[in-house]
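From first to last, the protein sequence lines stand for chains A and B. For the first sequence, the UniProt record's numbering gives the first residue as 1, with consecutive numbering after it. For the second sequence, the UniProt record's numbering gives the first residue as 1, with consecutive numbering after it.
Be a bit skeptical, because a hint or two may be false.
With a straight-line Cα cutoff of 30 angstroms, these simulated DSS-like cross-link-like pairs (lysine-lysine) come out [claimed, not checked]:
#1 K364/B x K15/A
#2 K240/A x K251/A
#3 K362/B x K428/B
#4 K337/B x K201/A
#5 K18/A x K337/B
#6 K364/B x K42/B
Chain B stretches covered by chain A per the calculated footprint, using a threshold of three residues with CB under 8 angstroms from any CB of chain A [unchecked claim]:
#7 145-153
#8 419-431
What the hints contain is simulated information worked out from the structure, not anything from laboratory work. Since the structure is predicted, the reported quantities are computational estimates derived from the model, not experimental observations. In this text, a Cβ means the ideal position worked out from N, Cα and C, and glycines have one as well.
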Amino acid sequence: MLHIVACIKQVPDTKIIKMNPKTNTMDRASAPAILNPYDAHAVEEAVRLKKKYGGIVSVLTMGPPPAVKAIKKCIELGADEGYMISDRAFAGADTLATSYALTKALEKIAKHRPIDLIICGKMTIDGDTGQVGPGIARRLNIPPLTGVNKVVEVNKEKGYAIVHRKLEDGYEVVKSQLPCLFTVEKDINDISFAPLPNMIKAARYQPTIWTADDLEDVDRKQLGLKGSPTIVSKVWAPPKPEGGKILTGTKEEQVNELLSIILEKKELFS
Amino acid sequence: MPEKFDCIVVGAGPAGTACAYELAKAGVNVLLLERGEYPGAKNVMGGVLYRKMMEDIIPEFYKEAPLERPIVEQRFMMMDKESAVTFSYKGLEWGREPYNNFTVLRAKFDQWFAEKAVEQGALLVCETVAVECIVENGRVVGVRTDRPDGDIYADVVVLADGVNSLLAKQLGFHREWRPDEVALATMEILKLDKNVIEDRFNLEANQGCTIEIFGDATKGILGTGFLYTNKDTLSIGVGTLLSGLIKHKIKPYELLEYVKNHPMIRPYIQGSEPVEYLAHLIPEGGYHSIPKVAGNGVLVVGDAAQLVNAIHREGSNMAMTSGRLAAETIIMAKEQKDFSESMLDQYRMKLMESFIGQDLKKYKDATHHFESFPQYFEQYIPMLNRATSQMFTVDGASKWEKQKKIWRDLGSTKQKFKLARDMMKAWKVMK
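Just chain B, with the same shape it has in the complex (with noise of 0.2 angstroms):
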């Protein structure tokens, strides 16, 4: 007679992992699935960790974890070919307890954070893939392992499958994700020394800094490209909707050589080496692509929910948020044993009133219509290089003559006010 558990949370990533973690602290008999070799061998993130929904989880995490640095400063070029505007934020209150958020390597991360949920007492088999649900009578009561022997039971089963989640499709809660749901992101990992690390990115030991790339990072794209700092590696990567890399033929590991050498990334990247290359789909349809959340007898949380805000690169912490209220919702359903689906839709209703329903429902048509509206990355973001240069260059030209030119290079008066038309359009779907 095979073994029944109180739950089974498929997928030791954030999501999952913050589930069991939740589960094993209430006393739940929960067992965690992993398909790799270990928790965080499969998983890929560009590698920004925010604090605040971690410590919901394990207060003060951040004197044990394995991090690499604390962010306090954040850059956001907009680069155009041979030039880049840069808007940045640095803060050392960011550099302090309790921080805002920190670079991590989810290969180690997620190995400890795992080991942290073990320690509340969630069981841990890795190696294991979940091929199916186990659905009797129109709810599903457990999952099928490829291994023999491979059925396993439980009152209720929560999918942190990630974003393919070929569990909740089955299941018939999400079709296949189109092409413009889903970014396609490729990074590399690069050695450097640490005191160079901090030399070229202007940072004392201990302080990290992330950069954001808009425009020619990806040719145009709809999508970033990032560079953030680790301890004694960079991470840098390229992330665009698939339907772009489609339409515009391009291979995502050109694009990623194409940024690496780029001339206002270049310098950065010198003299390193890389020694970890990876690739992972990213679910980025927002609000409107949310799946069936809850049904009988299971959950779907983090990715496999389509829980990313792109616009803000925002993705973990939905995950840990949405695998903690999992949690809460299974603990209820259990005083009063019932995990049917009108019990466990509570957990779709406190994810919609929580920050993650909210911030997905602000910028529910934004990644829609940066997409829809291929001009802003085409043209506005060169347009700005274009600008700002006039502007300081000093060649003996006046202020106001400078400005005319500016005004000049806005196009004709038709092109102006489809500019100011397109201006307001970003603002309403982004504020």
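Bound-form chain A, shown alone (with noise of 0.2 angstroms):
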């Protein structure tokens, strides 16, 4: 039986969220935690494909307690199991120690259930690195596939899968061998309006939660600050920009204000 696991992240709703003007950094309490958009889809993907092949979703996430309400929406989602690697050791990790941590926690799960597939969004919307997806893959030494926004085929038997990877210019297909991960586009899937029934099973579910100890043949060193090489020496914002004009008046008078406006501009023709 198919096993995809959609690796997830609660992070603050970085759409309303306010920064501290002193010390340029996110006021976490001004904003609601979230599952991370582009992990929505990866759930969304990995529901799909369960649904196409029959299969496991579980779904695998590090953070804080309250970090349960991500794993519930993925319950909602459709997915069928919940892991949870909640402890101090685990704080204050960059994209190095959370791979690292991540992948212990993976390889705990395919102990009790050997893992096909792994799905993880592009990235965070709070980080924004994009880093975590391949660094499992490589530490797992699975293919990474980033960049999907569609899923042509998934065949367990045969061992390989086939996907569209987004370029520049288009896209390119790709065919790889299982296990591999892929990190998913959000015009991957259009996410789905939960049905009551998995409503209800979320708000009942508890995953499962390990701490650190949990895990097997863990390298203490190489968790949370600890294990982060990543030194933050500066966080700003950037300048608002300055200047600008707002054109005004019908649509006809805005269209001819604006080209004489880009006529005097003569070194763009030049």
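Starting from two chains that each stand alone, build the complex the way the hints lay out.
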């Protein structure tokens, strides 16, 4: 049976978050915590593949206890099982330490039920790095397929998957062995409106929660802040763009004015 | 096969959550449905939460609930264009346990309250709209939601779906509310430094003040304005009967702007920054508008049952008590395995025997009376302001002369009789 694991993260909703003007850091209390939007598409795709081929969808996250809410959201979307690693030892992790901890959890999940496919969102909206997915693939020594915006086929028996990877000028069709890891774009699917039984299941659901001690063969030096070589030397907000001009009047007036402005700037055409 | 619960509560406001809390506590398998992203996301009130009725459900809730300030002073302003006569009571006994009431922000409070119901064992499902009751053989057996595979069944359904209660309307329990049965309240949350609030309202830390404003706050339309102190915000708003807004062709937000810029109010809110704008209907039909509240397999609680005392700006307390009484009835019905209307109608009797029925009965004609006779707000409040100004302006005229002037200001003998009659009538509907 096909076993797909989606790796997800709870993030502050950066669309509405406020920045602390003094420290230039995010005021996390000012925004509600949501399931990272790219990860929602990862879970949706996993659930669609399950519907097509049969199988089981598990989700995995690392985070503080309130992140259980993000797992419940995934159960609403149709995931079957939820796992969470939560421990002070994981706190302060950069992408290197995060991918290490998640890999250790994935190995534990795989012991219980072998994993055929891992799906991650392209990136999180609070970190914007897109490094954790490929980091996991490297550590597990499986092929990473980034920027996936269409899954053509997943064939467990013959052990391959065919996907489209988004490129700047189109897409490429890639065939990979299984197991492998996808990171997905938002345009891969539209999130479905969850059926009521899923909502009720999610309201009752309690994920399996592991601490650092529950994971096997863990090198504690590679966890959390200790395992994070990334140094943030300075954080600043980009300066607000200055100047600009807002044209008013009827559409024709605006177009005429815009044209005359463009024509005045001769260097544009020289 | 869809799942079946003992009870489905539609709406996680104070009424629905109180009901779900009490049921779950008694071991009843209850599903609490909420259409908002989280409980409180769509709920609005001026902001006064009464301690007693909340404590009937969760004793000493004030030790952990997200409250703003305990209210130690209640002011009532009879406001004219450039003046106001204010009556107020401030008592420090209200500032200590067990307290009288608190200001709250509903988005925070409702979420907390619903979490408490979940801790008791209620199952909370948000972002799900109940679109109709499922009726079989003349009894409600569940609800249909807007989700795929969205039918869900229960022995009894509690409608706590708020003022418009589409579900109760579909069942024929009430018609569309008339414009004189609902008020429209618009309000803003204004951010202001904690210390500035305490200076302006003469408060110490962890003390709050409420101001109810009559007269010019609503440009003479029947209704009230309010200004409440939260921790580091103010809640300011105006509520008027929908019929009054229609009659005077005033848009609700114009009224709110008018109050915010009124010279009697402006200094309180100066320098504050609006952080939220809210508006909601309030059921103010009172006793005569209470619909059918019990049917076969169904009960109606809170705003959906028009349980608001507009005169005393009480509503959330009635909602909670009605939810609790509905839960008591359901627990009894469950023991006897009888969810028929005749059994569930005991809820209506409990409701009428409680302070809810008694208070709504006491003021059953009050709103209607003041609605029919606009002179109270349009003429008598300005008159009271002129009389007070006259009496306390020291200009060399003797106090006898001043009294004569005030007496003349009341108008002709005929007008004076009318005034006396109106005061008697007001006493009659309020007593």
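Taking each numbered hint in turn, which are not upheld by the structure, reported in ascending numerical order?
As far as the earlier hints go, 1, 5, 8 are violated by this structure, in ascending order.
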